[in-house]
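Chains as they are written, first to last, in the working numbering: chain A, 1 to 251; chain B, 252 to 448.
Heads up, some of the hints might be wrong.
Below, computed lysine-lysine pairings styled on DSS-like, alpha-carbon distance capped at 27 angstroms [unchecked claim]: (1) B:Lys262 x A:Lys204; (2) A:Lys148 x B:Lys397; (3) A:Lys160 x B:Lys397; (4) B:Lys397 x A:Lys222.
It should be emphasised that the hints constitute simulated quantities derived from the structure, not laboratory data.
Treat the numbers as computed from the prediction; the structure is a model and nothing was measured.
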Amino acid sequence: MAFMSTEDMPLEDELTFSTLGLPKDDPTTSREIRPEELKNEQILKKRKGNSGPPKLSSGRMPGYYDMDDILMEDEPISVVFQVGAHGCGLLDPGSETIDIEKGMKMDLPYWLAHQLHLRQAVSISVPASFSQKTRKEIQADAACVDLKGRCPYFYELGCKIAPLVGDKTIGSFLLYAFTDRYKEMLSKSHGAPAVTRFSSRLTKEESQLFEAARSSMAAFKKWRTGGSRLEKAAILGRKRKRTVPLGPSSP
Amino acid sequence: MYGKRASQLLKEQACCENGQFTPFNSDLFDQVISECNEHSLQLQSLIRKIEEQNLDMQTTRNEDHFGAVIHHLSLVRNKRCLMAYMYNRAEIIQDLRWKIGPVLPQEMQEKLNYSEEEYFKNHSAAIEAYMAEMDLDLTVDMVPPKDPYIRVRVLDDIGEVCLDDHSISLAKHSLHFLRRTDAEPFISQGLMEEFLE
C-alpha cells in the first residue's frame, strides 16, 4: 500500500538517528567540570528560550529537561572504586561507616558512575543487559526477548556505555537486536490493541515506535471511514460516566 | 541511595503518559529539596576539611575531594530532576489552555500547586490579551473545518447558554445544529459530541 511506505520512512529515519547513531559527544570530558557544566546548561536554556517550547520526545539530542534521558541515566551500573571517598556512606545502605574505601564494589546509577569514571575514580564493568547470555538469547530470536525487563532504555544505555567500557562489539550487537526486532514490531503494531503481550516486552524507544505505527494506522482507518474529527481533550481522561455527572470522577 | 527520590518523582510523572496528568507531589518534592540541602552541607564540610589541611583545592585528589565530587554530582542531578519535573508540568499546563479553555474543571485544578495555578492564569491572560489585540479566537478550528455548522449531541446538562445573539437551552441528550466555533469548546471539555448519522 502506498500509504504504508510513505508513513514508515520518516519513522525509520528518526530512529536510526537516535538509537543507533554514534554516541554523542560528551561536553564534560575535562576534569574541571563545574564551569563547563554550568556553561552548557546556560546554552541549553538560551536555546530553549529562543526556539519556543521544544518537543519533549523528539528523540534527537537529549535536552536538559528530557525525562527519558534523565530516567535512562538512573540505570544501575556496577562499579569498583579505585579511590576512597569520605562522607558518602549513604550510597550503600548496608555499609556501617560513612566512608567509601578503595576497591569497594557497588551499583551506582549511570549519572554518577559516568562522571566518576571520567575522573578515573571508578572502573566500570559491562552491565548484565549486554552480557554474553543476553547476546545469545537475542541471536536465537530477538523479538521474543523481554528487553524491557532487562533495561527499559536498552539502546540508549548501550550507546552511552559502549565508549566507557571500550567494548567495540556492543554497537553492532545493538544494531542487530534493533533491526531484528523492528520487523516484528512493525508487522504486529498495525492491527494490535494498545497493550499486548508483545508490546510489554518492548523498550521505551521501541514502544514509542510501536505506538506511533499503531496510532497512525488507526488514524488512517478513521480517516477512511470518516468519523468525527472533533474530540474531547485527551487529558481529561476517559469518558465520564454519564449517569452520575456530579459523582467523584476517577483520577 | 542518592538521587533516588528525585527520579521517583519523575517516574511518577512519566508512567502516566498518554496525556494524563498527576497531582503535584509536594511531599516528595520537598524531600528532594531537603536532600539537596543535606548534600550542600556535606559538600561544604568536606571543602572546609580540605582547606583546613592547607591543600590546594584545584589539584587535591584525596578522599575528601572525591567525597565532595559525589555530593556535588548528586546535587546537580537532583536539581536537574526538579527542573525537569517543573518544566514538563509547565508544558502540560500550557497545553491545558488550548485544549480545555480558560476555566479548568475542579478535578484538574486540584492537581496543580499554587505557583502552577498562577502560571496557568498568567499564561491564559497573555493568550487572551493577544487574541483580543488580533481580534481573533486562536483556540478554535484546531482541526481544519469542513463546514461552518455541525450537528452535536449534548452529553451533560449544560443549561441555558447565550450563543451569538440568542440563548439556547442545552439539555442532556438533546440534538442541536450549532456553529462549529460555538460547539468546539464544549466538545473538547467533553460536554458534547459531534453527532454523525
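Verification of the hints:
1. B:Lys262 x A:Lys204: The given pair, whose Cα atoms are some 13 angstroms apart, holds under the 27 angstroms limit.
2. A:Lys148 x B:Lys397: violated (44 angstroms)
3. A:Lys160 x B:Lys397: violated (49 angstroms)
4. B:Lys397 x A:Lys222: holds (16 angstroms)
Against the hints set out earlier in the document, violations occur for numbers 2, 3.
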